[in-house]
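Novice: Assemble the complex: chain R is given as a structure, and chain U must be docked to it using the hints.
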Amino acid sequence: MATVKLLHIAHSRTGDKGDTLNFSLIPYNEKDYASIAEQVTSEKVKDHLQAIIKGEVIRYDLPNLHAFNFVCTKALLGGVTTSIAWDAHGKSISSALLEMEINI
Amino acid sequence: MLRIGSGAGFAGDRIDPAISLIENAQLDYLVLEGLAERTIALSQKQKQKDANKGYNEYLEDRVRPLLPSLLKNKVKLITNMGAANPIAAAKTILQMARDLNLTCKVAAVSGDDVLNDLNFHQFETEDGENLMTFEPIVSANAYLGIEAILPALEADVDVIITGRVADPSLFLAPLIHHFQWNQDDFDLMGQGTLIGHLLECAGQVTGGYFADPGLKEVNNLADLGFPFAIVAEDGKAIITKLPNSGGVVNTQTVKEQLLYEVHDPSQYYTPDCIANFSTAQMEEIKPNEVLVWGATGKRKPDRLKVSIGYHAGYLGEGMISYAGSTAVNRAKLAEWVINERLRANVPQLRTDLIGLTALHHTTYTHTTPYEVTVRAAALCKEEQTAKMIGHEVEALYTNGPAGGGGARKKTEEVIGIVSTFIDRSAITIHTEIME
Numbered sequence: 832m833a834t835v836k837l838l839h840i841a842h843s844r845t846g847d848k849g850d851t852l853n854f855s856l857i858p859y860n861e862k863d864y865a866s867i868a869e870q871v872t873s874e875k876v877k878d879h880l881q882a883i884i885k886g887e888v889i890r891y892d893l894p895n896l897h898a899f900n901f902v903c904t905k906a907l908l909g910g911v912t913t914s915i916a917w918d919a920h921g922k923s924i925s926s927a928l929l930e931m932e933i934n935i
Numbered sequence: 038m039l040r041i042g043s044g045a046g047f048a049g050d051r052i053d054p055a056i057s058l059i060e061n062a063q064l065d066y067l068v069l070e071g072l073a074e075r076t077i078a079l080s081q082k083q084k085q086k087d088a089n090k091g092y093n094e095y096l097e098d099r100v101r102p103l104l105p106s107l108l109k110n111k112v113k114l115i116t117n118m119g120a121a122n123p124i125a126a127a128k129t130i131l132q133m134a135r136d137l138n139l140t141c142k143v144a145a146v147s148g149d150d151v152l153n154d155l156n157f158h159q160f161e162t163e164d165g166e167n168l169m170t171f172e173p174i175v176s177a178n179a180y181l182g183i184e185a186i187l188p189a190l191e192a193d194v195d196v197i198i199t200g201r202v203a204d205p206s207l208f209l210a211p212l213i214h215h216f217q218w219n220q221d222d223f224d225l226m227g228q229g230t231l232i233g234h235l236l237e238c239a240g241q242v243t244g245g246y247f248a249d250p251g252l253k254e255v256n257n258l259a260d261l262g263f264p265f266a267i268v269a270e271d272g273k274a275i276i277t278k279l280p281n282s283g284g285v286v287n288t289q290t291v292k293e294q295l296l297y298e299v300h301d302p303s304q305y306y307t308p309d310c311i312a313n314f315s316t317a318q319m320e321e322i323k324p325n326e327v328l329v330w331g332a333t334g335k336r337k338p339d340r341l342k343v344s345i346g347y348h349a350g351y352l353g354e355g356m357i358s359y360a361g362s363t364a365v366n367r368a369k370l371a372e373w374v375i376n377e378r379l380r381a382n383v384p385q386l387r388t389d390l391i392g393l394t395a396l397h398h399t400t401y402t403h404t405t406p407y408e409v410t411v412r413a414a415a416l417c418k419e420e421q422t423a424k425m426i427g428h429e430v431e432a433l434y435t436n437g438p439a440g441g442g443g444a445r446k447k448t449e450e451v452i453g454i455v456s457t458f459i460d461r462s463a464i465t466i467h468t469e470i471m472e
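Chain order of the listed sequences is R and U. This note's numbering numbers the first residue of the first sequence as 832 and each following residue consecutively. This note's numbering numbers the first residue of the second sequence as 38 and each following residue consecutively.
In isolation and in its complexed conformation, chain R is listed as follows (with noise of 0.2 Å):
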């Protein structure tokens, strides 16, 4: 068993809609997505974004893909249009998710 970052099992890509940001994560390799499963669960990532999500998190499994969806809700500090944050599509928010720890 090994803690590593998710950086370097999975990749990412955000999303935006609204105030709503998603971000997928996708194993490198199939063989991690059982772990990714049961340990990076929506309270975790919540948890982990904290500074950053306001609203809730819900995580959409992929089994036929091997990906997961997660789906954040005031994400952007008021929506994409009307934010006034540096990152106002949240687009980088994918790294922080990735800076996430996970025992493999």
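Please keep in mind that the hints were generated in silico from the structure rather than gathered at the bench. Just so you know, these numbers come straight off a predicted model, no measurement behind them. Heads up, a few of these hints could be off.
Facing chain R, according to a computed beta carbon distance under 10 Å, are these residues of chain U, among others [to be verified]:
id, residue
1, E74
2, E163
3, Y246
4, K253
5, Q289
6, D301
7, P302
8, L352
9, R387
10, A395
11, H397
12, L416
13, G453
Covered stretches of chain U (chain R as the covering partner; in silico rule of three or more C-beta atoms under 8 Å from a C-beta of chain R) [what the hints assert, rightly or not]:
id, region
14, 317 to 328
15, 407 to 415
Backbone N, C-alpha and C define an ideal beta-carbon position, used for all residues, glycine too.
Specialist: Chain U only, in chain R's frame:
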């Protein structure tokens, strides 16, 4: 087989990858997506000032270099760059063709503009707020689907130019037209929607917005090739790029794009169907060729989404940078000064330390940066108030902490976007064919 290329993923996208696709990918159709949510509101304002304007500002720059190759190679163009004025855009394209001694047939599709039809008092946003709260409203455009494009395809034109159409529909329409797909076969609609969704951001499926050296390698990112799909009659599609172009297409790039801007992957709403991407499967059949199949779908939504642009105020912004071992301390002092100076007039002011916590409002690693930029910003009702922010930051040159450099300021109007829904029956689509 039908071959559809994606030549632009946003209004300001590169132009040369589209030219390579037209000349070398044996395309049947090229789609250019170039209409961001806010762009249409700005275009609507231009049209109000000048009835011959209101289409995408890059239309001439983008279409002029493509037009000779498109016509020579018999590649049909579908684009939403008509923005608020597809008819004026079509006239502009015809004029460009005449200037180049070419003849072409253009279809302008309108009907998405519902600004004068909506009774705003009666409508609520998708979050349940009264639309009247968002005045002054400057634009209201419904997301049209395939039915907006199919009549133009039947008229056999060279160029189809639209206003607001859902991005995947720009790709699904030619598939339906070519294969004569049954529009009530919602599994096919779902699979076709997935193909459109994978292509609509152009380079984002061919290795753009993907590279992370050491983790995710992308070959020759400076010459990123744009994608095209080779679609079979049953909807199975190969997503690929030209062999000599930079970039990469593999299951990693395709999965990232499959989930891009998606919420519940089993219910992706478009005007054409509620697509289910969670049933999709993919396989890398050759280097840079990914076969995608199995997306499904169900009924068409009864109502169409309407994107509403409103004047939201003015963004005022100012920045100044500090360097050296004590940069963070001086940046924090500058931040304090700016807040003290603007507290009374701009209570909603936000300050960030770029290089430290601006992107994520915290840090996940512990290192001291050598350079830090202080940024102050606020959304203000009055333009004059917004301007004060830049002035105060600039004043730190002579009045702030030691060694501030590179100060800059800006003020700009902000168009906000909210969404509502409209019954399909309230929409009338017009297709005007011009030669």
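Novice: Going through the earlier hints one by one, which of them does the structure break, listed in rising order?
Specialist: none
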